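Note that the protein sequences, when read in sequence, are chains A and B. Just so it is clear: in the first sequence, position 4 is 4 by the numbering used here, and no numbers are missing. Just so it is clear: in the second sequence, position 166 is 166 by the numbering used here, and no numbers are missing.
Each statement offered as a hint is correct.
Within a straight-line C-alpha distance of at most 25 Å, the following computed SDA-like cross-link-like pairs (lysine to any residue) qualify:
| # | chain 1 | residue 1 | chain 2 | residue 2 |
| --- | --- | --- | --- | --- |
| 1 | B | K268 | A | F108 |
| 2 | A | K236 | B | L106 |
| 3 | B | K268 | B | A283 |
| 4 | B | K268 | B | T231 |
| 5 | B | K268 | A | I113 |
| 6 | B | K2 | B | Q301 |
| 7 | A | K236 | B | Y110 |
| 8 | B | K2 | B | W166 |
| 9 | A | K236 | A | Y181 |
| 10 | B | K268 | A | Q111 |
| 11 | B | K2 | B | R298 |
| 12 | B | K268 | A | S115 |
| 13 | B | K268 | A | L109 |
| 14 | B | K268 | A | A116 |
Since the hints were derived computationally from the structure, they do not count as laboratory data. These figures come from a predicted structure and were not determined experimentally.
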Amino acid sequence: VQLLWQILINGVLLGGLYALMALGLVLVWGVLNIVNLAHGALIMLGAYACYYLFTVFGLDPFGALPVAMAVLFCLGYLIQRYVLNLVIRAPMFNTLLITFGLEVVITFLAQMIFSADFRTVNPSYAGANFLWLGATVPLVRLLAFGIALGLTFALWLFLDHTAIGRAIRATAQNLTAARLYGVNPRQLYALTFGIGAALAGAAGTLYGVVSQINPYIGSGLTGKSFAIAIIGGLDKSIYVLVGGLFLGIVEALTALYIGPTYTDVISFGILVLVLIVRPTGLLGRTA
Amino acid sequence: VKLASTLALSVVVVGVLATVPWWGSAVLVQFGINALILATLAQSWNIIGGYTGYPSFGNSVFYGLGGYGVAVGMVQFQLPFAAGLALGVFLAVLFAFLLGLPVLRLRGHYFAIATLGLAEVMTAIVSNLEIAGRNIGLILPLVKGDTLFFELSLALLVITTLTVAWISRSRFGFGLIAIRENEEAAAVMGVNTTLYKILAFALCSIFAAIAGGIHAYWITYLDPTSAFDITLNIKMIIMAVFGGPGTIFGPVLGAFVLSAISEVLATKVTSLAGIFFGLVIVAAIVFMPRGFTDLIRRFRQQGWRYFQANIQANRV
Chain A
1 VQLLWQILIN GVLLGGLYAL MALGLVLVWG VLNIVNLAHG ALIMLGAYAC
51 YYLFTVFGLD PFGALPVAMA VLFCLGYLIQ RYVLNLVIRA PMFNTLLITF
101 GLEVVITFLA QMIFSADFRT VNPSYAGANF LWLGATVPLV RLLAFGIALG
151 LTFALWLFLD HTAIGRAIRA TAQNLTAARL YGVNPRQLYA LTFGIGAALA
201 GAAGTLYGVV SQINPYIGSG LTGKSFAIAI IGGLDKSIYV LVGGLFLGIV
251 EALTALYIGP TYTDVISFGI LVLVLIVRPT GLLGRTA
Chain B
1 VKLASTLALS VVVVGVLATV PWWGSAVLVQ FGINALILAT LAQSWNIIGG
51 YTGYPSFGNS VFYGLGGYGV AVGMVQFQLP FAAGLALGVF LAVLFAFLLG
101 LPVLRLRGHY FAIATLGLAE VMTAIVSNLE IAGRNIGLIL PLVKGDTLFF
151 ELSLALLVIT TLTVAWISRS RFGFGLIAIR ENEEAAAVMG VNTTLYKILA
201 FALCSIFAAI AGGIHAYWIT YLDPTSAFDI TLNIKMIIMA VFGGPGTIFG
251 PVLGAFVLSA ISEVLATKVT SLAGIFFGLV IVAAIVFMPR GFTDLIRRFR
301 QQGWRYFQAN IQANRV
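Just chain B, with the same shape it has in the complex (with noise of 0.2 Å):
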């Protein structure tokens, strides 16, 4: 019953947001786009940081590969959208193996301070490749029509929140939570620890270099500071970790609720949308490790003791 409420309750959400370029203004799909994309981002990141418990910090160095695919194809190379898009997804996964393969086998904290400095790496590579515009970037053709992206946008959300859900409840999915419970132990289990790693972080590489590519063609420009945007992986973390790491649809919720508030102070008081992101993150550790989802369910039970339970399990 659970489920099937689950399901029906996702469809009405997924057909109402669907319609929103039709009956919103202008402003409201644009921040819609920006906020989907955020919630792929962090949705894909989930798989890996969330699931997998190996925290990446280079996760826009995907977005930014996807965003390049396009860009170069479609300017380059004249190809369509659909093939700069593919384009973005083989370099971004090629990325994933390769940098996966060395990297994958470092434990926790390791592995997310050796992704720390990728989008910067990143950056200071392709601002010397001739053939991504250097450091002056690329415009892409235009394109009118805010809805079209809309709704690509939306429905790469609910691609990557559809895989999300599958890998919470298949072989794969289970091996990737033993991988960040006890990695020795799903070892011992028979996990191929190494493919599962590697596999679960081609699969975000997918998902983000998609949404890259959605957002280089909407903006219709791209250049490397904003292609690797370090910011991007500040949010996508702090949002996914806000809703709920290693849930279905924390890191969806988080992106909507987080995206939500910072617009509204980016509108009402400027200079404070800056410093939310790192002020929520720093609460939510506090009060709320276990996220947002794990929030809603605990406090009809336990109300404030809820917060007060988190820091006397974490103080010295």
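Isolated chain A (complex conformation) (with noise of 0.2 Å):
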């Protein structure tokens, strides 16, 4: 029991970094219809921003969270604007194609800079852990979790409560008549794709503190917040939550039960098993 909860406890605090992971994929599947392929090497920019923050200018991983969203978004917007706005309305296979081919010639480009060696990010406090009803809770990991479970929350205030999000949330439901408002959705599907850049940024951050890094950890991650979004569905940020704790925990008891190397196989197989018994996802609707 001492170690089930212990599972537990690790698998909802690496949940609320995969929901976050997520987050950014199913806020740009929902309103501009692209399954970003990308996603996990934006991720991947993120957490080697993160790195460099913190070796070369000393910063805080935390404190390199803001200026990394911010890298993030700009570059988001920029691939938005000047790439995929050209495709948008393509068939679906295209916008998939041209996203998995962006995520080619980012993690190559990573791998030219950046070197494909392993990195990590260690603050001083990176060993730091407290007992809580009998469990460790690392420090950092419940850092990550909180700052995760925050952004999920921001998300959610700023599409439900702000101009700008009202517009995005327009626009995800009916093109015509948000432009007959006044939105215009090349600026606009531009924002949204940056702040899911941005929000792909924030998780690459926190994972760079809580696990390694390498130029290709993109894909996998990719399909681990494919993963989030199908059992939670597109509807609401509340939802990827629930999905993304729901993988942590399934990894957590896959890695204790049956062999860590299985992990990824478990949560496809999730993916896979969810696609059939519930297209529309486990908690609500998927576009």
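Could you use the hints to bring the two separately framed chains together as a complex?
Structure follows, in structure tokens:
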């Protein structure tokens, strides 16, 4: 029971981070109808931004977070404005392929610039932890979890209570009507993709703190994000959170009872299973 | 007349290609084997991705299973190459059916994403199998002779292309195209969509598995990461889409052109070769979404406006 409790704690803490990873993907998917296969690569870039801000400028990883988000926002904005906007009305397969191509480009650039070595971000408090109800809680993971929750909440506030947020949701529902109300879709799409990329940047920063990074982590993270999006559905950011927690706990249990090499197999299995049994997502509607 | 001239030209091209091992350098022949195998993969992907409109991102699984069929058969059971190849094809077709039954029920992009993780899953599973040499891999008996492998690969590509040509003018193929264009309508017209999709998937798995088997025997070494190589998925899709998905010669043309360019890049500027495929697909989707073959056909009439028209059609 003691062990199970610990595993559950680990799973929940990991799950919060997973939810943040999927959040940007879900936003872009829901609004732009683009399944962004480069999402994981953007997370990877966020992790490297954190790594370099920490090692070169001595910036605390959690202080690096807004910087990484700003950088990724600009990158995302440019990608959407000058590349993806050109193909957004093409069949979904084409947008899928083009983000796939972007993933390849980003990964290879990262490998060239950052080298293929494993990197870790090790702030002085990396090993700190405390006991809570008999389970060990690593401090950085708890912080990462808290920030992930905070950003999820912030996105919800933004989408529900600001003019831009409303414009984004209106565009997702009906582009023509939104246009009639004065929404400039080119700009709005770029903005939405930028926010998605910024969320990926935040997720990457936190991922860099709790795990090792290399240029190839992207595709696996895209897969996980996608699994969470499918489990939760595309409706509300709170559903993404549930999806993330679910996957986090399942992976923690898998690592314990079946073996750590099988975590990816299990999350992929869940993805396929959910797609087949409930193509609309476990909790809500999928586009 | 058009059919006859295409046929004649194809026969001449294949005939010339078949003589390459007798006059070409060793490097050229080895490049040729790789290009032929990639062309076969692109062409087999064309059946499910191009004609049926179900873009699979996991076809390297069939390639890997073919390789493992040959490797396990020859190393663990001392079977001849052909028997190993049959084992590999059997495994791949079995896998195509088992996977296809649930996954092919998903529409277009859901299907694509459900297949994204396949290669990694198979790598994880095979790495834990004793009979497949775990993550160390298997070493196959050595055979000398690039000529043999060149001719084998060429023959396989010809057979795959002939199959695609047959598909493009058969009742079966019309059914697949109907599924691609509008699946509900196809079902209403009496096409057994599930059966057709699974048959298309199984058909493409056969050719990919044979390609994997030939490659494994040629390289004489197989381990999980190289067998289920994820970059192979990238390459075969990009080659097929660049050449023209849903056409008979597009994927082959795409595979040859892109193989040649990436080979030249790899010798001149190594770092550019990796990024090349990514850039090609981004540019191709923006400027020529219907592929190289469509570009050749329309460029003569429209000139540079062809690219502009493509962008205009899809931009926001």
